[in-house]
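**Q** Given next are the chains, with one letter for each unit.
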Amino acid sequence: MTINEIQEEIIEEFSAFDEWMDKYAYLIEIGNDLEGFKDDWRLEQNLIEGCQSKVWVHAELDGDKIIYSADSDAIITKGIIALLIRVLSGRTPDEILNADLNFVEAIGLKDHLSPTRSNGLLAMMKQMRLYAVAFKAKLG
Amino acid sequence: MNINIDKIRSDFPILGEMIYGKPLVYLDNAATTHKPQVVIDALADVYQKYNSNIHRGVHYLSNVCTQAHEDARRKVQDFIKAQHTHEVIFTRGTTEAINLVANSFSDTFLKAGDEILVTQMEHHSNIVPWQLLEKRKGIVVKYIPINEAGELILNKLDELITEKTKLVTVAHISNALGTINPIKHIIDTAHNHGIPVLVDGAQAVQHTPVDVQALDCDFYVFSGHKLYGPTGIGVLYGKEKWLDKMEPYQGGGEMIHTVSFEGTTFNELPFKFEAGTPDFSGSIGLGAAIDYVNNIGLDKIAAYEQELLDYATEGLATIPNCRFFGTAQHKTSVISFLIGEIHPFDIGTMLDKMGIAVRTGHHCAQPLMQFYNIPGTIRASFAIYNTKEEIDKLVDGTKRIAQLFG
Chain U
1 MTINEIQEEI IEEFSAFDEW MDKYAYLIEI GNDLEGFKDD WRLEQNLIEG CQSKVWVHAE
61 LDGDKIIYSA DSDAIITKGI IALLIRVLSG RTPDEILNAD LNFVEAIGLK DHLSPTRSNG
121 LLAMMKQMRL YAVAFKAKLG
Chain H
1001 MNINIDKIRS DFPILGEMIY GKPLVYLDNA ATTHKPQVVI DALADVYQKY NSNIHRGVHY
1061 LSNVCTQAHE DARRKVQDFI KAQHTHEVIF TRGTTEAINL VANSFSDTFL KAGDEILVTQ
1121 MEHHSNIVPW QLLEKRKGIV VKYIPINEAG ELILNKLDEL ITEKTKLVTV AHISNALGTI
1181 NPIKHIIDTA HNHGIPVLVD GAQAVQHTPV DVQALDCDFY VFSGHKLYGP TGIGVLYGKE
1241 KWLDKMEPYQ GGGEMIHTVS FEGTTFNELP FKFEAGTPDF SGSIGLGAAI DYVNNIGLDK
1301 IAAYEQELLD YATEGLATIP NCRFFGTAQH KTSVISFLIG EIHPFDIGTM LDKMGIAVRT
1361 GHHCAQPLMQ FYNIPGTIRA SFAIYNTKEE IDKLVDGTKR IAQLFG
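Taken in order, these protein sequences are the chains called U and H.
Take the first sequence: its position 94, counting from 1, is numbered 94 in the working numbering, and each next residue is one higher.
Take the second sequence: its position 253, counting from 1, is numbered 1253 in the working numbering, and each next residue is one higher.
Derived from the structure by calculation, the hints contain no laboratory data.
Quick caveat, the model's predicted, so the values are computed rather than measured.
Be aware that a few hints might be false.
[What the hints assert, rightly or not] Sample of chain U residues at the chain H side, in silico, Cβ under 8 Å: (1) W41; (2) E44; (3) I75.
[Said to hold, decoys possible] Derived lysine to aspartate or glutamate pairs resembling EDC-like cross-links, with alpha carbons at most 16 Å apart: (4) H:K1184 with H:D1211; (5) H:K1353 with U:D18; (6) U:K54 with U:E44; (7) H:K1142 with H:E1159; (8) H:K1353 with U:E19; (9) U:K23 with H:D1352; (10) U:K110 with H:D1352; (11) H:K1399 with H:E1341; (12) H:K1353 with U:E44.
Each residue gets a CB set at the ideal place from its N, CA and C atoms; glycine is no exception.
Looking at chain U on its own, in the form it has when it is part of the complex:
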C-alpha cells in the first residue's frame, strides 16, 4: 500500500466514530498497543520534550527503508504516534519527504499538531522528516 492508501484507510476507520469519545477511546487503545520502543533508545538525544508530554523517536535504516519507533508518556499522544508510524515507517526517504500528511486533519486531530499544544507531536513530525533527509544523504 502507498502512503496515501494507508491514509485513506485510517480516515475510513475513523469515519466510523460518531462521538469524539469513541475516537479517543480508539487512540487510547492503539496507544496502549504500540510496542517496539527499546529501553536502549530512551536517551536524551531521542527525547522531544513538550511542555505537556514527552516523546521519544528512534529511526534506523532497513535496506533503503526507514523504520521509525517512538514512544510517549501520554497515551493520547502515543495513539497519534502509532498512526504516524503506521503511515510513515517502512518507507523510503523520498516517499516520506514527498508525503502529504492530510489524514491528521481529516480525522479531526489537527489541533494536536498545533504549536500551542506543546505535546511534542509537531516536533516529532519535524524530527521524522529530518531523519528522512539525513538517511537520504547517507544512501546517496
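Following the hints, put chain H in place on chain U, whose structure we already have.
**A** For chain H alone, coordinates are given in the frame of chain U:
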C-alpha cells in the same frame, strides 16, 4: 453572606461562550481569570473617551487620564491597605515586580555570598530571578522544604536563616497546591533576625483580604489579570524605607527628574520605578476590577470559594485512585490531582473536549513536581463565578475518562 451567583455570572460575558458546542466550564482561574463587563467597559472608556499620555500633558484629556491612573493607584493602596500611595508601583505583572526587586534590591543591598531564602513550592517566577542573581552576583539561594501535604516545614526556617540571609521570599498561596502559607509567622520570624520579606500574592489577592501593614511585609506583589483585571498590569508594593534606597530598575522617561549628559537625577516614588509610558489603561482597568471585587466583598468571595473547594474535593475523592497533591490544612481554590497513573495531559485533553478548561502540567513549579516525583498534575482552580454544577461536570467528566483507561 450568600452571593448572587446568577448575577455574578451575568457580569462575565465570556461565560456565555460555547466550546465545541458545549457551555464553557472554566476551571483555570489560577492561570488567569475572566473579566467582568465593568472592567471591559473601563478599558473601552479609556480609548473611546480620554486616551492621552499621562503626567506630562497640559491639555484636558491628559489631565483626565492622569487623574484616572492615579485614582487607580489609590484604589490599589486601599485594597492592600498600604500606608502611602507612593508605595504602590505599577509593573507589568507579578513576574516583573519580582524581577524589579531582585535587581534593584540586590544592587543596593546584596553582595556575593549573601543568601536569599525561597521555598520549595514557589512558581518559577519566584525562583529564576533569584537564581539569575546566583550567576550574576554570587548570591546563594536556599530553599525552605515542604512536607507531603504541601506545607512549609517551618521549624527548618530558624536553621536556614543565617547572618548572611538578606531576604526571604515566599508565595502567600501556592499556585500548584493551593496551600495558604503562614506568612505572618514567616514575616515575624524573619524580622526577628532583621531580614525583610517579599510576599508573592499572585494567587492570594483574589481570594483573601490582604493588609500589608498588619502583615508588616516589606514587599507584596501581584498581577491584575488573576484579579479579574486586564493582562499586562501588576503591582509591587514596597515599604517606603526600602524603595527610597533602592536603585531604579529601568531607565527612560517618567522616572527622571533632570537629565543631562553629565548625569541624571531620578524622580521621586513611585515614578522612579515606572520608566516609560505606564500602562494607564491597564491600571484603570485594574482599578475597576478592584471596585468590582470590593462590591462583592472578599470575605464573601473567600467563603463561597471555600464551599466550592470542599465540594470539589469531596466529589473528586469518589473517583477510584484519585490522588490529591496539596492537602494542607489551610488551602484555597486550587485542587491538584491525578487519577492513578493516567498522564495529566490525557485527562486534560479529554476534559477540554467536554468544554471543561483545566490546567495540566507542572504549573511552572518544576521543583515541586520533582518533590512529588510526578510529571505534573491536573489542576482545577476556582473563581467567584464558578458553580457546584460546573464541579459536577468536572467530576463526572473525569470519571468517564478514567473508565476509558480501565
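**Q** Are the hints correct? Go through all of them and say.
**A** Verification of the supplied hints:
1. W41: Violated: closest Cβ of chain H sits about 19 Å from W41 (chain U), beyond 8 Å.
2. E44: violated, 16 Å
3. I75: This hint holds: I75 (chain U) lies near chain H, its Cβ roughly 5 Å from the closest one there, short of 8 Å.
4. H:K1184 with H:D1211: holds, 11 Å
5. H:K1353 with U:D18: Roughly 14 Å separates the two Cα atoms, so the pair holds.
6. U:K54 with U:E44: Roughly 11 Å between the alpha carbons, so the hint for K54 (chain U) and E44 (chain U) holds.
7. H:K1142 with H:E1159: Roughly 11 Å between the alpha carbons, so the hint for K1142 (chain H) and E1159 (chain H) holds.
8. H:K1353 with U:E19: holds, 11 Å
9. U:K23 with H:D1352: Judged against 16 Å, a Cα distance of about 14 Å means the pair holds.
10. U:K110 with H:D1352: Holds. K110 (chain U) to D1352 (chain H) sits at ~15 Å (cutoff 16 Å).
11. H:K1399 with H:E1341: Measuring from Cα to Cα gives roughly 14 Å; hence the hint holds.
12. H:K1353 with U:E44: violated, 32 Å
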